[in-house]
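First to last, the protein sequences are chains X and P. My numbering numbers the first residue of the first sequence as 549 and each following residue consecutively. My numbering numbers the first residue of the second sequence as 549 and each following residue consecutively.
Rather than coming from a laboratory, the hints here were simulated on the basis of the structure. Since the structure is predicted, the reported quantities are computational estimates derived from the model, not experimental observations. There could be a bad hint or two in this list.
Since the list can't tell identical chains apart, any single copy or any two copies may satisfy a pair.
Said to hold, decoys possible - SDA-like, lysine to any residue: derived pairs with alpha carbons at most 20 Å apart: (1) K666 with I573; (2) K752 with S556; (3) K943 with L655; (4) K943 with F657; (5) K943 with L600; (6) K666 with L615.
There are 2 protein chains.
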Amino acid sequence: MAKIAALSGFPEWLPAERLVEQHVIDVFREVAELHGFSGIETRAVEPLEQLLRKGEIDKEVYVLRRLHAEEEDGAEAGREDRSRTLGLHFDLTVPLARYVLEHQNDLVFPLRRFQIQKVWRGERPQDGRFREFYQADLDVIGQDTLPGHIEAEVATVMAEILDRLPLPAFTIHANTRRLSEGFFRSIGLEDQAAVLRSLDKLPKIGPDAVRELLLAEVGASVEQAQACLDFASIRTRDASFADRVRELGGSGEMVEQGIAELTSVLERVEAAVPGVIMADLSIARGLDYYTGTVFETFVTGHEALGSVCSGGRYDALASDNRHTYPGVGLSIGLSRLVSRLLSAGLATASRSVPTCVLVSVADEQHRHLSEAAARSLRSRGISCEVAPTAAKFGKQIRYADRRGIPFIWFPSADGGADQVKDIRSGHQVEADAAAWQPPAEDLTARILGAGEAQDAPPTR
Amino acid sequence: MAKIAALSGFPEWLPAERLVEQHVIDVFREVAELHGFSGIETRAVEPLEQLLRKGEIDKEVYVLRRLHAEEEDGAEAGREDRSRTLGLHFDLTVPLARYVLEHQNDLVFPLRRFQIQKVWRGERPQDGRFREFYQADLDVIGQDTLPGHIEAEVATVMAEILDRLPLPAFTIHANTRRLSEGFFRSIGLEDQAAVLRSLDKLPKIGPDAVRELLLAEVGASVEQAQACLDFASIRTRDASFADRVRELGGSGEMVEQGIAELTSVLERVEAAVPGVIMADLSIARGLDYYTGTVFETFVTGHEALGSVCSGGRYDALASDNRHTYPGVGLSIGLSRLVSRLLSAGLATASRSVPTCVLVSVADEQHRHLSEAAARSLRSRGISCEVAPTAAKFGKQIRYADRRGIPFIWFPSADGGADQVKDIRSGHQVEADAAAWQPPAEDLTARILGAGEAQDAPPTR
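Looking at chain X on its own, in the form it has when it is part of the complex (with noise of 0.2 Å):
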């Protein structure tokens, strides 16, 4: 017998904690669907070269091999051969970028797309990270143009679906290249590049220490390293960040215009999402990737989580000599933050089954009255399941209290009238299965927050 054995870096959940992830998933899709995005899905694979052409190699890729690989075959002729070989992708968005080039003459644009796969990586499963892991990302892709607006619009609808997820309060920090950038350079910065590097370590190394870097490797000069430090210490709920940008001597164009870009963003998310976006002058990551505004999000209390849902606006997702292909993309680490929610005790599933009534059976002669009791039920949309065996009833409700099935029917054998039972009240009463119904927050598994878990049965 093979050992058996927990993989790390590797998740599996329990029944009742799947529910917490599927509930995940399910709101990403819903509100995602409710602004008219598609889902779609990629193959798990990718070509080594697509998966290494955006110079990725700090990312651990999995590569396949089959276990009788013939000659031919990319990974055995030489691991020079990248466009045979195949990987397992380690994101999302390399698989859009091809899955865009190669049906684009299929696809209409903008594509609004959302897409929820595992992706894996083959890092060492340490610090919370994991190997195999879901993403759940959403996009907007343009065919050659994409107006400024979507940048809001895709902050906009992760919004939604985080504000519908059993989270704590969250934040969407957003910056925005231009302001970074024309900050930098009003202030007589030329190497911009190497200014967001080093304020990127903030969080990590402290302003001292960024200080240090930006006088001895950027060149800046006392004033200009204390102003950067400062512009990166502006975090506002509304447009005042504006005002102190331009106190610290930021002036021109290119400020002006990010001041508009960000001022934008953080109207039209706050219109529809009250109370969750900020300007944050710090964030720095990504934005030598992305051209527009930046986003990264972190729940209160669980900062130290990192960036729970992080993207922004890019200008070539993918070319070739027809077209290039601008985006707008945002992308949860939805593994990571179910992780969280579980370990946390954020959210906790009702019941561990979808079961709403464990229908009984009386005896093996009669199990055909409780499969007729079970069907009517589910004709009207409440699950059941049929007693396994007919033991006896105390058996059989403890069979129903171990799953949290909250409720047990039992047949009349005789034409009487059947009865329903309220396991964890222990109220009993006659009922007629063409017409009884559950309380609704009965009706199918609830996910409770944090705050109602206290109450729940167990979840196992």
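Start from chain X and add chain P according to the hints.
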């Protein structure tokens, strides 16, 4: 630029096609949950020794290697270390067996679980075989014992799932091991496994060649061979198969047990989903693996596709020193089924996007009015997009039309009433975004069967 090309054997759907796949997945989940089955997912990888432990050497497993793998990695240290080398799962049964053993202390039995995930097989992508495809499994797993009526129950749930899909007529063919083995024994054939292997070739080589096999390899007499062929030709919708088995010489306790089992399965499935179950005593495949009832499912007019849903009873999915886990399971080759639904025009989406209403934009200064109207519609569950640009209305209407979006909304900029136009009929009326409701059939993209599809708008 890396070359962009489709990968043979790795199917990918366009948005409108994905809607059909998603519909099939949704129906499977909804019916499974109605019957109290819990959804689980297992990691995509298993140790190679697990994947190969049932002697599945004919399965072409994809083995993983990390691109920058260290020395200690199993795949690098030599292919012999199958406990550390990981492969992609090729079905959902091997992972279920491992999951049950690994989590047995945290699960309640009988475990009712469904699982819809992609699996990978490195086979030659010919004959409609995919290298990456969805399987959708339904199993009930007992701890040490599992009642016989579960066999009919799992088949019933699958029948309900298939019945709700946009399929032509389908038939679930059932046989049971005891009946076949008991019959072969009662006519004097001792090597029942060899008879099953011969009969298994019926669809491929026909009765005359099978007769030769029975004579030459099993050592049957002419009369015994004929009785086997006659037995395998029995197909009845009701319990009348029993008399025909007895007429052919079937007798004894085992035969009568098999008759009782199969009759019970027919009656129970017929009671739940009339007209889909059939006793078919030619079903031999898997009878040497399965230990009770076995099922195969064929779609009328698409028999060449092979069985779209197969499975049965097995007495030991898994076992350890303490427990044995018997189960009943059925599995749909979901991607292959969806591929046929699409290629044969059996199912199409009524539109390519979830969007019900495109909210037009008169000019960028009034975009906020369009966004407010969209928010109001969405708050009542109506999927909306706001037009990406303030193009001429004719162009905005074409944007909607190309996607099959049925309605376009015109917000009023002067305080008057908004208007909504049905793009298909051209009918335009005044409407209030806080109250207007589209016809129920236009609310979401629907999946149309072969008969309905002709009236559908373009699906791309």
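Hint check results:
1. K666 with I573: Intra 12 Å, inter 17 Å, cutoff 20 Å: intra and inter.
2. K752 with S556: neither (26 Å within a copy, 46 Å between copies)
3. K943 with L655: between (57 Å within a copy, 17 Å between copies)
4. K943 with F657: Only across copies: K943 and F657 sit 13 Å apart there, 59 Å inside one copy, limit 20 Å.
5. K943 with L600: neither (58 Å within a copy, 40 Å between copies)
6. K666 with L615: Answer is between: at 19 Å across copies they meet the 20 Å cutoff, but 23 Å inside does not.
Taken one by one, the earlier hints fail for this structure at numbers 2 and 5, listed in ascending order.
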